[in-house]
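Trainee: Residue-level listing of the chains:
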Amino acid sequence: MTVPKTDQPAVHLTAPLLQQVSPPSAQPGAIVGLATPASTSKLAAIARGEKVETITHAAVSRETPVLEVLRFNLWYGAKQALHEISLPLPEGKVTALIGPSGCGKSTLLRSVNRMNDLIDTVRIQGDMKLHGDSIYHPAVDVIELRKRMGMVFQKPNPFPMSIYENVVYPLRVDGERDRRLLDETAERCLRGAALWDEVKDRLHESALALSGGQQQRVCIARAIAGDPEVLLLDEPCSALDPIATNKIEELIQELKGAYTILIVTHNMQQAARTSDYTAFMYMGYVIEYGPTADLFVNPHVKETQDYITGRFG
Amino acid sequence: MVALVMIVGLLGLIFYQGGATFWPGPLVEITTHDGRTFLGEVTRSEDYRLDADTLNKLPPAIAANARALLAAHEGQMRRRLLRTGNFDLTGSEYQWVSDYEVVRETEPLWAVTVERTDWGNCYGVVQGFLVTNELRVKDPARAEVETNDPGTAWNRFQQVHEGVRDKLANEHYFVRLQTRGGSKGDKVYDLPVEEVVLAYPANQLSFGGRFKVYLTRWVEFLTDKPRMANTEGGVLPAIWGTVAMTLLLSLLVVPFGVLAALYLREYARPGPIVSAVRIAINNLAGVPSIVFGVFGLGFFCYLLGGSVDQVFFRDRLPSPTFGTGGLLWASMTLALLTLPVVIVSTEEALAAVPSSMREGSYACGASKWQTIWRIVLPRALPGIMTGMILAMARGAGEVAPLMLVGVLKHAPELPIDGVFPFVHLQRSFMHLGFHIFDVGFQSRNSEAARPMVYTTTFLLIVIIALLNLMAVWLRSRLRRRFQVSHF
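So the sequences go chain by chain: G and S.
Here this note's numbering is used: the first residue of the first sequence is 1, the next is one more, and so on.
Here this note's numbering is used: the first residue of the second sequence is 1, the next is one more, and so on.
Keep in mind the hints are simulated off the structure, nothing from the lab.
Cβ coordinates follow ideal geometry from the N, Cα and C atoms, glycine included.
Hints are not guaranteed to be accurate.
Claimed, not checked - Footprint (simulated), chain S over chain G, 3 or more residues, beta carbon under 8 Å:
id: 1; stretch: 48–59
id: 2; stretch: 140–147
id: 3; stretch: 165–172
Just chain G, same shape as in the assembly (with noise of 0.2 Å):
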């Protein structure tokens, strides 16, 4: 297992975490003001390589966070793609990740469950926790880790094996062996998966027979099956048809609760439909966070009106 090198262990644990902002009342003229001149837009910073801090709604520090982001840093070789970011994540809720493009949602995404680990010129800085524990320590498990959480994939990703054996792939590298267990799981995870009734007469072909939108409902059923803490969601939808992403969709709202789910998409009306949270991003900075509805109807920066009323992207 290749683990890369941080250069310096990640200890930011005294540093602030949430930089509290005001009511929108505050900064009257970014919302109101379309035409700001560029040099004092955020974007127009971030393009001259300056820091920009996060802007982070009241509301998100009033849920209990599951897994925490403190200050992350992450490089690809000597390219910064992840700068400083710092986001809670509440409990049982679903939050998502917008944003143009190469912003870095997937590179956050994927540095959760620390997928980021197999490609060797990564180097990261800072930590995240889950449940308080953290994520990025020296000493932690890897694999352990892993099984705190599910992920489901842009394409669907089933393995060439049956249904069933897809299901029940995270139980049976634990080594889990008792039949009726697996039966069990791979029954209740299909159920939770919405896909039970479709696919309950042949469990025993080959998941790859399936349709698209089908395929990545194993996938899904094939993340919850170990249980775990967190569901990380990257662009489900992207590869599948309208169809297909509703009864995706459908499936979040039902998952929501029981699961804390982060989800990256490139579509904002599905985020503004299946999220409770949303963080904007724009070229490795997270530029605001906050209530889903707050932020689409009332934005609190500027950018990030225009993003989602289509001004750029």
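Place chain S on chain G using the hints.
Mentor: Just chain S, lined up with the frame of chain G:
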């Protein structure tokens, strides 16, 4: 395009020549102008230029006939090669007969082709049937003949032929044949029935009868041991040797090659050492196969085999058990030879496994080995099978190294048989590829060997094709399991 023509041409030639070997042709009896008579099967014919000297020395009537033939045939003279057999009686087996020499040509009704256990084929016209209490008929003129009628004699022969070799009897049966010896003169020959492997009246056969003989000869070829310095009889030991060696070779090379490829692709950190190993593997593929043979002889046979003998077979020394060429060492040598093929194709198959599947597995909390064992290897299996197919195809056709590490001209003992411990890895064996070389270039009678060369080549191609088809079938079954739907 050129490649296609070459392949079709080559296969066509081999299939035509090899397939025709066992087809029973008619027997012709030819009397030439100088009074010689030949009886035999026409094997082939060719045109040649008749020189003026020979033409001038001929008697006038024959010369005139020859000139007429030449004029009708654009100055070319046709000659036919007769297989006259009866090597024990005449000292030759083949005879060229030019068309101008022929004064009489018939197809005798009772001419028979006889395959014998010794001395090759015998051709003659049935004259009678004898029973004696001695192994040989010493004086044909005074021996008592049971019948002089060819039909009755043939019936008697067919009655007694079946099972004659199992019977310990005082009676010995003979078929009286009129043989033609050309310049050596004609003889009456009493053919012992015990010596007959297969006999048929070639000129009386219908198409169905010919086909039956054809099949019988194929079956004999495939299931018998070789006779007469490999030019007669079957090639069963060679088939066994080839198949056993190829299977053993793939059993040895696949695990080794897959492990090596796994290490190189999944575990080794890219760097100068891995690059050097890769270069070495690719170079290994370019080493001449005879070099592998020398290595196999030195390392496997003498060093490894010698040590095995020292430890386990001390009582049999100095005669070697494993310390000489044998099936195991030959397979190991060829496994080394084909290792690069397996490594390269396995590496490619591993690289072709989508990274999304590995990531999916890691995200489920699988370790690296679990991911490789449960996801990567099954997915790469068709590619690994491709490597195995290529290795088998290369290994089965290789002859040069085998000559050094265990293949013999004649080893009728099969490497796998019913005697404990059933698989005799230390035994020398026969191989179709070497058989072709041996029959074609090392045998006493190159004319008789020629059709055998084609037939054996044909058989080698068929066996390799069958082994490959088996592997391809296995691969396609695996592929179907991993089929990706198109949504």
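Trainee: Could you work out which of the previously given hints the structure breaks and list their numbers from low to high?
Mentor: 1
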